[in-house]
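With full-length UniProt numbering, letter number 294 in the sequence shown gets 294, and the count goes up by one each step, no holes.
These are computed hints drawn from the structure, not numbers from a lab. Where a beta carbon is used, it is the ideal one built from N, C-alpha and C, also for glycine. Check before you lean on any hint, since a few could be wrong.
[Said to hold, decoys possible] Pairwise CB distance ranges (calculated):
id, residue 1, residue 2, range
1, G257, V89, 17 to 27 Å
2, G230, V325, 23 to 33 Å
3, S206, V88, 30 to 40 Å
4, P83, S217, 49 to 59 Å
5, Q232, T108, 34 to 44 Å
6, V88, S247, 50 to 60 Å
7, G106, G198, 36 to 46 Å
8, G230, P193, 29 to 39 Å
9, Q232, R314, 12 to 22 Å
10, N127, S217, 42 to 52 Å
11, V89, P130, 35 to 45 Å
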Amino acid sequence: PKYYFVLSILIHIYCTSIYCRVPLIKGKSARESLEEKGMWEQYRKLYPYNPMAKFTQNYAVGYESMTNDADMSYYGVISIGTPPQSFVVIFDTGSSNLWVPSIYCGSTACTSHHKFNPSLSSTYQSNNQPLSIQYGTGSMTGFLGYDTVSVRVSSSFILQLIRYNFFLLIQVHFSLHYHTHAGSEVIFGGYNPNHYTGSLVWIPLSSETYWQITMTSVTINGQVVACNGGCQAIVDTGTSLIVGPNSDIASLNYYVGATTNNGDVTANSGPSQCQWAPIHSYYYGCRTGFGNGGSSLWILGDVFIREYYTVFNRANNSVGLAKSV
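With these hints in hand, go ahead and build the complete structure from the sequences.
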């Protein structure tokens with residue numbers, strides 16, 4: 001296991017404008033980089049992926065599991081402290097803490113990342129509370145602190161996300177065009193009707209532990225193939241796939257005609273047929289966007305959010321969905 005020191009910053013957010021748009025960058029995922037180098041098979045065997053790990057409830061306050069999702073590729077830029085120190089982060093609705101590497105991190109895992117230096121920030125406050133996070137391929141250790149977090153929403157305007165206040169509405173839009181980040185964004189305080197068609201459908205949270213909603217069923221061509229009788233799903237920007245119980249995922253893959261190929265579930269169709277979600281185009285064909293979760297909970301990750309404009313409404317404890325355009 002790799003042990004490294006990080007800074008975890010607990011914040012609430014505030015903005016004085018009507019709403020604030022933060023562009024998202026679609027970078028190359030770890031999986032894509034490893035595949036190009038011929039190292040993906042070795043990596044996946046050494047570090048098996050457990051998408052449900054961070055949703056376990058077996059941890060006390062201050063503990064949160066992490067997952068090594070090699071397909072994550074949507075990032076945004078934030079700044080922490082006064083004067084600001086910049087970081088590239090994932091806006092993860094399935095995680096409770098904002099954390100970044102600090103100057104105290106001695107692991108090789110931190111060598112390619114910017115490190116936060118609390119002594120250089122005049123607004124940083126430490127409460128000396130330790131934080132220990134365990135996850136499938138290692139762990140990290142750090143401490144909790146408070147500071148000002150900012151996002152640059154344009155070349156001339158920087159939004160400060162000040163503690164003690166918070167947004168009641170956060171919108172996430174991932175571009176339908178997988179190989180470009182154009183149009184992908186997070187909006188704090190509102191939403192953009194230009195990115196969806198029809199009206200938003202508001203779904204109340206079934207549990208406020210996460211952004212958890214009730215699904216009635218999963219159908220293909222009008223036939224129920226999974227989630228028969230209803231099930232629970234977490235809408236999570238920090239997971240790349242649609243994850244569900246093993247038997248339900250097997251049923252979905254069967255109905256789309258997918259087969260197992262070196263641990264991946266692939267669909268034998270040409271690139272022109274890879275447009276429908278959740279299918280991911282690769283040089284050898286298509287890889288489905290379904291993943292086994294080993295739990296009764298479903299996770300609606302990025303392949304779902306690319307298809308459906310998603311609004312997280314804290315005021316009414318609900319999730320709004322509409323078809324993306």
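Results for each hint:
Range check, G257 to V89: about 37 Å between beta-carbon atoms, so the 17 to 27 Å window is missed. In this structure the supplied range 23 to 33 Å holds for G230 paired with V325, their Cβ-Cβ distance being about 29 Å. Between S206 and V88 the beta carbons are some 33 Å apart, a value that agrees with the proposed interval 30 to 40 Å. Under the hint 49 to 59 Å, the C-beta atoms of P83 and S217, about 52 Å apart, fit the expected range.
Between Q232 and T108 the beta carbons are some 38 Å apart, a value that agrees with the proposed interval 34 to 44 Å. The supplied range of 50 to 60 Å is broken by V88 and S247, whose beta-carbon atoms lie about 38 Å from each other. Between G106 and G198 the beta carbons are some 52 Å apart, a value that contradicts the proposed interval 36 to 46 Å. Taking the beta carbon of each, G230 and P193 are about 30 Å apart, inside 29 to 39 Å as hinted.
The beta-carbon spacing between Q232 and R314, approximately 19 Å, falls within the hinted interval of 12 to 22 Å. A beta carbon spacing of about 46 Å between N127 and S217 agrees with the range 42 to 52 Å that was offered as a hint. For the pair V89 and P130, the supplied restraint of 35 to 45 Å is violated, since their beta-carbon distance comes to about 22 Å.
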